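Novice: Per the working numbering, the sequence shown starts with residue 199, numbered consecutively.
Keep in mind the hints are simulated off the structure, nothing from the lab. Just so it is clear, the structure is predicted and the values come from calculations on it, not from any experiment. Hints are not guaranteed to be accurate.
[Unchecked claim] Here are the simulated DSBU-like cross-link-like pairs (lysine-lysine), alpha carbons at most 30 Å apart as the crow flies:
#1 K320 with K411
#2 K411 with K447
#3 K411 with K399
#4 K354 with K399
#5 K411 with K382
[Said to hold, decoys possible] DEER-style ranges, computed between Cβ atoms:
#6 L213 with H407: 44 to 54 Å
#7 T289 with Y242: 51 to 61 Å
#8 I348 with D441: 16 to 26 Å
#9 Y429 with T350: 15 to 25 Å
#10 H407 with R317: 14 to 24 Å
All C-beta atoms in this analysis are idealised placements derived from N, C-alpha and C, irrespective of residue type, glycine included.
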Amino acid sequence: MDINIKEQEIANLILQDLPDDCHEDIIKVWYYTGRDVRNEYEGYSVYFSYDTVADVIIPKSEVSWDYELAIKEVLIHKANHGEPYSDVLITLFTDGSYEFKYWYDEERIYKQEYESALRRSKDFPHAMAKALVFYHLAEVNFKKKYERIIMTFEIKEGEPFVDYYLVNEKGQHKPVYDSNKVAKYEETITRNTSNVKTWLKEHYERTNHGILKDIWKPWNKIVVSVPPSGYLNQLEDIHYYLDELELEKDFFLERY
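Make a model of the complete structure from these sequences and hints.
Specialist: Okay, here's the thing in structure tokens:
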């Protein structure tokens, strides 16, 4: 890849995408991504701004996919040749010239990873309460009256375990799904449970050994009590445990 030619192509595409009333000022375009641009799931963002005015520019977005893809291709090429970068600042001058500046912003990346991990960890019980039950199916037992659905997420000897059942109005424990009616959904239910186990393992590693280990108390079991509304109350419905000892609620509540 000829980087100079590719940069010229990117600059020309960006110029095409600028609103007609912003060609009399220096334009800055900031593209940033995550830790490794070569990861197909890595996201990115692009911001347009003026050099002398504290205001953002809304591009026409007619060829945005073209220059965004071209920028990513440049970053991947550089990463494959020993120059990993996470940020690009493109400056378009009024005389038609341009400048590309590349750098790797570890501080920004770590902050974004931390905030993302914290957000996902706070949301984990809520997300799992929705992921395990197909509320739209007519064949589920809880279409009848029920008190709670009890879900248990546990790590035993490093392996994830998931269990859930329905508590009816008589206090009896019943399967959430009527096994005589949902055979055609069995494959989907099994696959979804497998996904939940994967997410549970990720949540455990993230909070016990990963980026959140310094702020999150060690745990190995979560019990979630899902009311008929499907919406959890952090104080009443979410319970973290370590070796069967329930952890104080104040710690987990302050994460919300």
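Novice: Work down the list of hints and note, for each, if the structure agrees.
Specialist: Evaluation of the provided hints:
1. With a C-alpha separation of about 14 Å, the suggested pair K320 and K411 falls inside the 30 Å cut-off, and the hint holds.
2. As the CA atoms of K411 and K447 are separated by approximately 17 Å, the hinted pair is consistent with the 30 Å bound.
3. A distance of roughly 14 Å separates the Cα atoms of K411 and K399; the hinted pair therefore holds under the 30 Å criterion.
4. Under the criterion of a C-alpha separation no larger than 30 Å, the hint pairing K354 with K399 is consistent with the structure, at around 11 Å.
5. Restraint check: the Cα-Cα separation between K411 and K382 comes to about 41 Å, which exceeds 30 Å; the hinted pair is violated.
6. Taken as a hint, the range 44 to 54 Å holds for the pair L213 and H407, whose Cβ atoms sit roughly 48 Å apart.
7. In this structure, T289 and Y242 break the distance hint of 51 to 61 Å, their C-beta atoms being roughly 19 Å apart.
8. Between I348 and D441 the Cβ separation comes to about 20 Å, which falls inside the hinted range of 16 to 26 Å.
9. Between Y429 and T350 the CB atoms are about 19 Å apart, so this pair conforms to the stated range of 15 to 25 Å.
10. For the pair H407 and R317, the beta carbons lie near 19 Å from each other, so the given range of 14 to 24 Å is met.
The earlier numbered hints that this structure contradicts are 5 and 7.
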